[in-house]
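*Asks:* These are the residues of each chain, in order.
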Amino acid sequence: MAFKSFPPPGSPPGVLEHRAGRQTYPSRLCLIWYDGDRLEENANANAEDFLKYQDRAGIRWLHLEGLEDLTLLQDLGAQLGLHVLALEDVVEGRAPVKVEDYSDYLFIVSRLPTDLEEFQDEQISIFLGADFLLSVQESHIDHFAIIRERLRHGQGQIRQHGADYLAYTLLDFAVDSWFPILGNLGERLDQIEDRLLNEPLGQPTTELQGLRRQLLRGRRLMWPLRESINYLLHHEGVLISERSRIYLRDCYDHTFQIIDLLENYRDMASGLIEVYLSSLNTRLNEVMKVLTVIATIFIPLNFLASLYGMNFKTNVSSWNMPELSWPFGYPFALGLMLIVALAMVIYFKRKKWI
Amino acid sequence: MAFKSFPPPGSPPGVLEHRAGRQTYPSRLCLIWYDGDRLEENANANAEDFLKYQDRAGIRWLHLEGLEDLTLLQDLGAQLGLHVLALEDVVEGRAPVKVEDYSDYLFIVSRLPTDLEEFQDEQISIFLGADFLLSVQESHIDHFAIIRERLRHGQGQIRQHGADYLAYTLLDFAVDSWFPILGNLGERLDQIEDRLLNEPLGQPTTELQGLRRQLLRGRRLMWPLRESINYLLHHEGVLISERSRIYLRDCYDHTFQIIDLLENYRDMASGLIEVYLSSLNTRLNEVMKVLTVIATIFIPLNFLASLYGMNFKTNVSSWNMPELSWPFGYPFALGLMLIVALAMVIYFKRKKWI
Amino acid sequence: MAFKSFPPPGSPPGVLEHRAGRQTYPSRLCLIWYDGDRLEENANANAEDFLKYQDRAGIRWLHLEGLEDLTLLQDLGAQLGLHVLALEDVVEGRAPVKVEDYSDYLFIVSRLPTDLEEFQDEQISIFLGADFLLSVQESHIDHFAIIRERLRHGQGQIRQHGADYLAYTLLDFAVDSWFPILGNLGERLDQIEDRLLNEPLGQPTTELQGLRRQLLRGRRLMWPLRESINYLLHHEGVLISERSRIYLRDCYDHTFQIIDLLENYRDMASGLIEVYLSSLNTRLNEVMKVLTVIATIFIPLNFLASLYGMNFKTNVSSWNMPELSWPFGYPFALGLMLIVALAMVIYFKRKKWI
Amino acid sequence: MAFKSFPPPGSPPGVLEHRAGRQTYPSRLCLIWYDGDRLEENANANAEDFLKYQDRAGIRWLHLEGLEDLTLLQDLGAQLGLHVLALEDVVEGRAPVKVEDYSDYLFIVSRLPTDLEEFQDEQISIFLGADFLLSVQESHIDHFAIIRERLRHGQGQIRQHGADYLAYTLLDFAVDSWFPILGNLGERLDQIEDRLLNEPLGQPTTELQGLRRQLLRGRRLMWPLRESINYLLHHEGVLISERSRIYLRDCYDHTFQIIDLLENYRDMASGLIEVYLSSLNTRLNEVMKVLTVIATIFIPLNFLASLYGMNFKTNVSSWNMPELSWPFGYPFALGLMLIVALAMVIYFKRKKWI
Amino acid sequence: MAFKSFPPPGSPPGVLEHRAGRQTYPSRLCLIWYDGDRLEENANANAEDFLKYQDRAGIRWLHLEGLEDLTLLQDLGAQLGLHVLALEDVVEGRAPVKVEDYSDYLFIVSRLPTDLEEFQDEQISIFLGADFLLSVQESHIDHFAIIRERLRHGQGQIRQHGADYLAYTLLDFAVDSWFPILGNLGERLDQIEDRLLNEPLGQPTTELQGLRRQLLRGRRLMWPLRESINYLLHHEGVLISERSRIYLRDCYDHTFQIIDLLENYRDMASGLIEVYLSSLNTRLNEVMKVLTVIATIFIPLNFLASLYGMNFKTNVSSWNMPELSWPFGYPFALGLMLIVALAMVIYFKRKKWI
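Protein chains in written order, with my numbering: chain A, 2 to 355; chain B, 2 to 355; chain C, 2 to 355; chain D, 2 to 355; chain E, 2 to 355.
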């Protein structure tokens, strides 16, 4: 877990440093400038390239992948006037999902899944200004290729809107990326359910606990994301236009759907554990009933057989096991056993055990 | 589950497209125009028919069944000035239950049950404008036949009120449709309870978990429905008249009753699981007690019988099983057994096991 | 359960009709007019009698028992200007506990217990106007005899105050009527607790679940009642005088006490179930320990006895059970058994099982 | 429980009457008048003595012990202008913990413990006016001796402040009195924990349930007390001075500490029950394992021994138990048994049961 | 536990006294005066040294370690105008985590861990004035050495900001100090999890309960800390500058992370207990199944063997155990046993027990 690398208490805030033992990737800055008509793209920009577009209207989208080069981030921060605490959050990569208002710009933190199987994810940090958007991610996974594509071809309304719409697009992407993970989790739950029906004692608790933990993590991630989007929805300021709010409302609905699914799965997982434990109990009852029925029928019979296996000498006196010398001694013994067994069976029948 | 067909992250919003693998039904538009005196009905209208009534006072109710023909929906949206995100919600059919205010009209999403046995339902989308109401459903189930009937015959006050009252009527219908489902669920719970009394080990957990899951789904559906109606109740705007609000309050009460029933059933289901598990435990105790009593009485007896079945040669020395040659050896052995058995019985009596 | 008779979805609101299969009682209207000095009473009034007192100052209390005659209720509604939706709530008899403000009058719904043993109750509906109060109950149980008595004899302050004080008196009655029920429930819980101490395996779960369900019902009834009284306490309007508010505060305290008792009992019931299950487990442990101790001591002994009961022929070779011919064979066998038994006992002592 | 003596529903409010079956103590009124310099005390005052100090500045503290003499209370109420509903709350002695604002005075209800072992307590009612404080308790336990002492000797700031500070002093006393009770509860929990470690099957559930119930009671008492103090802290009015508020804040912190302790103990009690149940389960497993190992090893051995104890006649044919006549029949049988036993032991070793 | 030393109820507030039985450490006052350029430090100051810097701009930080010398604290309080109730909170050392506004200064209470293994901690009290900060701790652990170091070398912005930034630095330290504790707890949870996988019956409940209790304590400490920082964030007043608020927001995020970790661990601990109990149940089932299979197969066989070990005299009549004299009696008996055993095995195979 990540907590071991927390900075020692008392270290000064706002220092950009890599966490010990954390993998970093080479930094790559991609700069896209666009307005309704034109789009210019520089896939390998430096911090100064940003200045070229300063006097031109239109939106500048800076996307930084990899945090190896902290100077680049620092330069960007200086150019755009970003607060060093926000930059520290970007570098540390474990800020809570949130929106912070720095008046000139909004600092939005969300998380993107990096692995469909496990609830692995990385931080995506967005600085939304009036005419620029800086997004930072840690890995080199090309999450936003599809959005660049939409920008290039002017698909949908993305080129007609401002930077706030671009921020919405990224956030919407961040939200929707969780659906495949959920689909995956749902399938695993379904598999466990199927397995449990066929093989009721398959000990699924450990696996279900693992899933539950992931669902709880998802929940703890999704609720602040929802709150963040709600904050943007009701943010009073010029950075979010009225037109974009309606789109954010749609994005808000998606978080609602995800939370709904998460709750569903949580109920399902809890339910499966309960079903498992209850079937364990039922099974134990059944096992014990079989043992008890067999044992309690045969134990008295066995006693009778042992009784007539005793070696008391019948010739010493007529008190000593005279049954052994009866002509019908054996049938008598068998009959006795039959009666005892029948009585037992009737008793169990009455108790509805057999 | 439906999550598998969520649009891939990054796709542009506001695109009307059918979800992959989802069944659609042919589109059929029914247009009803009415005021207090007259009513005109066109069961197979097209988007332009709507315009005919533009200059006439009165209410226009457009009801669209089936979403195969997305162009029809798009045309309707253009005519009525509906936002494309709302239309996307209509087409996708899995929007959360909600009310959205687009100033000129309200967009209301609710759900209608399509199957009495299972908690199957479909989305019903309502656009409420000042003088029109557009309702859209996916299937061809004729939910609202009774309401059209009431409109035609001017039953109740439905023709005297505006479009808001019609919206209330549809919402009220959507709420009341859940009562039969609940009745059904209640009956199944009663059946399980009866069965559990007769046959305490019938393993009802799986079934009860299923019911519980449906109840939770009902709850997750009903709470936002209640909130939506509450929102309409307190909505400040001209679209909802003061007169209709009193009726919405009645509808609000119904959601209250449904939630109350759902909670009741949830308690009942949880209680039944607890009763079941507890009776499993009691049963196990009883079984174990019978086994223990029988076994612990007979095991020492059996030992005694086996003891005197040993073949030590009595003629070698007088130390070797002299009991076998006693004249009253056998009665002595039987007496010993009786004493042991009685001691055990008294012990168990004291422990209140028998 | 009552849900089976819910009106079919889509039926028009505000229609006064008896629910199918519900018992109704003949309607009887009692009219009492009073002011500080005088009181006139008509135990068998009709809707028009009400008009006689229209011009006279003072309070008119109309109390309707039985709902067979819906016309009477309708006439009363017309005379007093009551909304048809409120009247529908009265007739249906399953409205949630609530207060509704219709500006000219308040519509208050509460519930009165009709049976001390079970949580059976009926709806009591109160319309509180400036100078009149209409109360409606379904059954002929004479709940309010004592209040009429207080009115007739001018006991307490009841004749000095307005209709709001009369409404408070009825509500206070409705709240206080639950105390005997709670006393009853408490006694049953005490009985179960006593029984559980004497006879720990008496399977009280089903009964406790029943009680718990009733307590939950009480809770679901009492919380909205509390909220309703709170609403009246803070209602801004002329219908509730400042002087009566202090009395309502007292009534509010009583709901607090009832909820406190309900919570107490709920904890008690849950605690009893836990104690029961835990004592089941303890008992099972004890039973198993006895079985295990007896069985594991005697099983090896029995084996030894059976061993020396084998019939290998000692005359064939000196390898065949020479023990049988030892002069001290039998004492040797007994000694062996004793040693085994002692070893077992010591083992169990060490494990603290005996 | 106290609910049995609730007044019958419908009885008029504001009547001062003793609850049936409740013990009352003789009434004793103690009047203390003080200002910064002087203090006069009358340990056996009557209602009129109060008037003597009417014209003199300073604070009058009336403390009434015992409620036998309801006339005295009524006279006091009349002199001080107290509402009859508040007096009724005083007499009944089961009002919820609360603060009520009667504009001229505040009516504060709290509870004082009367027994260190059990959660026994009595109501303490405080009427706080501008220049007087009336406190009423039911029993003759001299709770406030220490406060009178502080008044007499002018210890601390108590003589420099107004009646509000005196009220704070009493409330602070009422809060702090719960600490010893909590200490007691904590010790009992510690004892149970110790006992559970030594003797894991000591069935502590009933006792822990009792403690839990007391902790819940404490919680239900402490939360409204906290709310009451918070109400006083933020009460807008002249009765509470700014200077006294800081002291009330301190008292508020104490309720916080008590609630924290209560929560702590509740967790502890729940944890102990869980530990107990889990150790029951572990123990049962251990017991069953021993039984199973012993039984499954010896049962096959026993069978073999019984087998060779059969009496088939070897002289009839060579098919009948030829082993009995083998020279090494007995060693063969013993060897067989050894092999079976070893196989079993190896099997259990592999399963890690032994 | 600490509750035993609570002051007796009724003792006057605002008295500085050591709690009985509590260890105190010698008092040592360290005074640091600094502004952007200069820094003066007196590691062994007395209360009057403070006055020297009264006329000079800049920040005075007084740090008091150890509370043996209450006069020193009292003098400091007098010099700085601190309220005696706040000082009492400092001396008692068990005030809840809180912020109190005394207009001229803020009184902040937090807690610092003193032991990495256990959740041991001590109170740290901070008085934040316009140009001074007084911090008090009980022990001599030199928590803040690193912060003094930063001050001396002017690292970060600490010398450029006011006393509010210093307060933030201390609070941030107090928050971050909990991370190593959490790391420790997390490691112990991981160890328990590993152990549980290898040795499923290791009875981890007691240890997990202990961890859970510590996690709950952490939670009860962290929530009010979070609220306190939130209070400072939104505090309206001159004591907290706008510039410092951004840093407090960062500190607020850290509490968020800690609470998140705590919740994580709590889920983990609960999950481990569930996994343990479920594996206990599974294990019991397995054990019982083995016992049942072995016992129910051999019990009937044993009975048959005992049966033919009976000593009925075959020479008395042909009814007495004629099987013993059959030429193939023994093979017949063995065959019978084989059939019974096979039937049993097939039965168990069908039931999927083996």
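The hints are simulated quantities; they were obtained by calculation from the structure and are not laboratory data.
Cβ atoms here follow ideal geometry from the backbone N, Cα and C, with glycine treated the same way.
Treat the hints with care, since some could be wrong.
Simulated pairs of lysine-lysine, DSS-like, Cα-Cα distance not exceeding 27 Å [what the hints assert, rightly or not]: (1) E:Lys99 to A:Lys352; (2) B:Lys353 to C:Lys99; (3) C:Lys99 to D:Lys99; (4) E:Lys353 to D:Lys353; (5) A:Lys353 to B:Lys350; (6) B:Lys352 to C:Lys350; (7) A:Lys352 to B:Lys353; (8) D:Lys350 to E:Lys350; (9) A:Lys314 to E:Lys314; (10) D:Lys352 to E:Lys99; (11) A:Lys350 to E:Lys353; (12) D:Lys99 to C:Lys352; (13) E:Lys99 to A:Lys99; (14) B:Lys353 to A:Lys350.
Partial pick of chain D residues on the chain E-facing surface, computed with a CB cut under 8 Å [stated by the list, open to error]: (15) Tyr248; (16) Asp261; (17) Leu281; (18) Leu285; (19) Thr293; (20) Ala296; (21) Phe304; (22) Lys314; (23) Ser326.
Label-pair ranges, simulated between beta-carbon atoms [stated by the list, open to error]: (24) B:Arg218 to C:Arg23: 29 to 37 Å; (25) E:Asp143 to B:Arg218: 53 to 61 Å; (26) A:Trp224 to C:Asp102: 31 to 39 Å; (27) B:Asp70 to C:Val16: 34 to 42 Å; (28) B:Arg351 to C:Trp320: 46 to 54 Å; (29) E:Leu343 to B:Arg218: 45 to 53 Å; (30) C:Gln75 to B:Gly37: 21 to 29 Å; (31) C:Gln75 to B:Arg57: 35 to 43 Å; (32) B:Gln75 to C:Ser28: 56 to 64 Å.
*Asks:* Confirm or reject each hint.
*Replies:* Against the structure, the hints come out as follows:
Restraint check for E:Lys99 and A:Lys352: the C-alpha separation of about 64 Å exceeds 27 Å, so the hint is violated. A distance of roughly 53 Å separates the Cα atoms of B:Lys353 and C:Lys99; the hinted pair therefore is violated under the 27 Å criterion. Under the criterion of a C-alpha separation no larger than 27 Å, the hint pairing C:Lys99 with D:Lys99 is consistent with the structure, at around 25 Å. Between E:Lys353 and D:Lys353 the CA atoms are separated by roughly 23 Å; this keeps the pair inside 27 Å, and the hint holds.
Restraint check: the Cα-Cα separation between A:Lys353 and B:Lys350 comes to about 24 Å, which is no more than 27 Å; the hinted pair holds. A C-alpha spacing of about 21 Å is found between B:Lys352 and C:Lys350, which places the hinted pair at or below 27 Å, so the restraint holds. For the hint pairing A:Lys352 with B:Lys353, the CA-to-CA distance comes to about 19 Å; that is within 27 Å, so the pair holds. Proximity of D:Lys350 to E:Lys350 is assessed by CA-CA distance (about 24 Å); at most 27 Å being required, the pair is judged to hold.
Straight-line distance between C-alpha atoms of A:Lys314 and E:Lys314 comes to about 12 Å, which keeps the hinted pair within the 27 Å bound. A C-alpha spacing of about 56 Å is found between D:Lys352 and E:Lys99, which places the hinted pair above 27 Å, so the restraint is violated. Simply put, A:Lys350 and E:Lys353 have alpha-carbon atoms about 24 Å apart, close enough for the 27 Å limit, and the pair holds. Between D:Lys99 and C:Lys352, the direct Cα distance comes to roughly 56 Å. Violation of the 27 Å bound is thereby established for this hinted pair.
Of the supplied pair hints, the one linking E:Lys99 and A:Lys99 holds, its CA atoms being roughly 25 Å apart against a limit of 27 Å. Only pairs whose Cα atoms come within 27 Å are accepted, and B:Lys353 paired with A:Lys350 is accepted, the gap being roughly 24 Å. Given hint, D:Tyr248 at the interface with chain E, holds; its Cβ is 6 Å from that chain's nearest Cβ, closer than 8 Å. Interface hint at D:Asp261: satisfied, since its Cβ lies 6 Å from the closest Cβ of chain E, which is below the 8 Å cut-off.
Look at D:Leu281: its Cβ only gets to about 10 Å from chain E, farther than 8 Å, so that hint breaks. Among the interface hints, the one on D:Leu285 holds; its C-beta lies about 7 Å from the nearest C-beta in chain E, closer than the 8 Å criterion. A cut of 8 Å between beta carbons decides the hint on D:Thr293: the least distance to chain E is about 4 Å, and the hint holds. Checking D:Ala296 against chain E by beta carbon gives a least distance of about 6 Å; that is within 8 Å, so the hint holds.
Taking 8 Å as the C-beta contact cut-off toward chain E, the hint placing D:Phe304 at the interface holds, the least distance being around 5 Å. The interface hint given for D:Lys314 holds, since its Cβ lies 5 Å from the closest Cβ of chain E, which is under the 8 Å cut-off. A hinted interface residue such as D:Ser326 counts as satisfied when its beta carbon comes closer than 8 Å to some beta carbon of chain E; here the least separation is about 12 Å, so the hint is violated. For the pair B:Arg218 and C:Arg23, the beta carbons lie near 30 Å from each other, so the given range of 29 to 37 Å is met.
Checked against the hint of 53 to 61 Å, the C-beta distance between E:Asp143 and B:Arg218 comes to roughly 58 Å, which is consistent with it. About 36 Å separates the C-beta atoms of A:Trp224 and C:Asp102, a value consistent with the hinted range of 31 to 39 Å. In this structure, B:Asp70 and C:Val16 meet the distance hint of 34 to 42 Å, their C-beta atoms being roughly 38 Å apart. Taking 46 to 54 Å as the suggested C-beta distance range, the pair B:Arg351 and C:Trp320 conforms, at roughly 49 Å.
Range check, E:Leu343 to B:Arg218: about 50 Å between beta-carbon atoms, so the 45 to 53 Å window is met. Range check, C:Gln75 to B:Gly37: Cβ separation about 24 Å, and the 21 to 29 Å hint holds. Between C:Gln75 and B:Arg57 the Cβ separation comes to about 36 Å, which falls inside the hinted range of 35 to 43 Å. The hinted range of 56 to 64 Å is satisfied by B:Gln75 and C:Ser28, whose Cβ atoms lie roughly 58 Å apart.
Hint compliance for this structure: hints 1, 2, 10, 12, 17, 23 are not met, and every other hint is.
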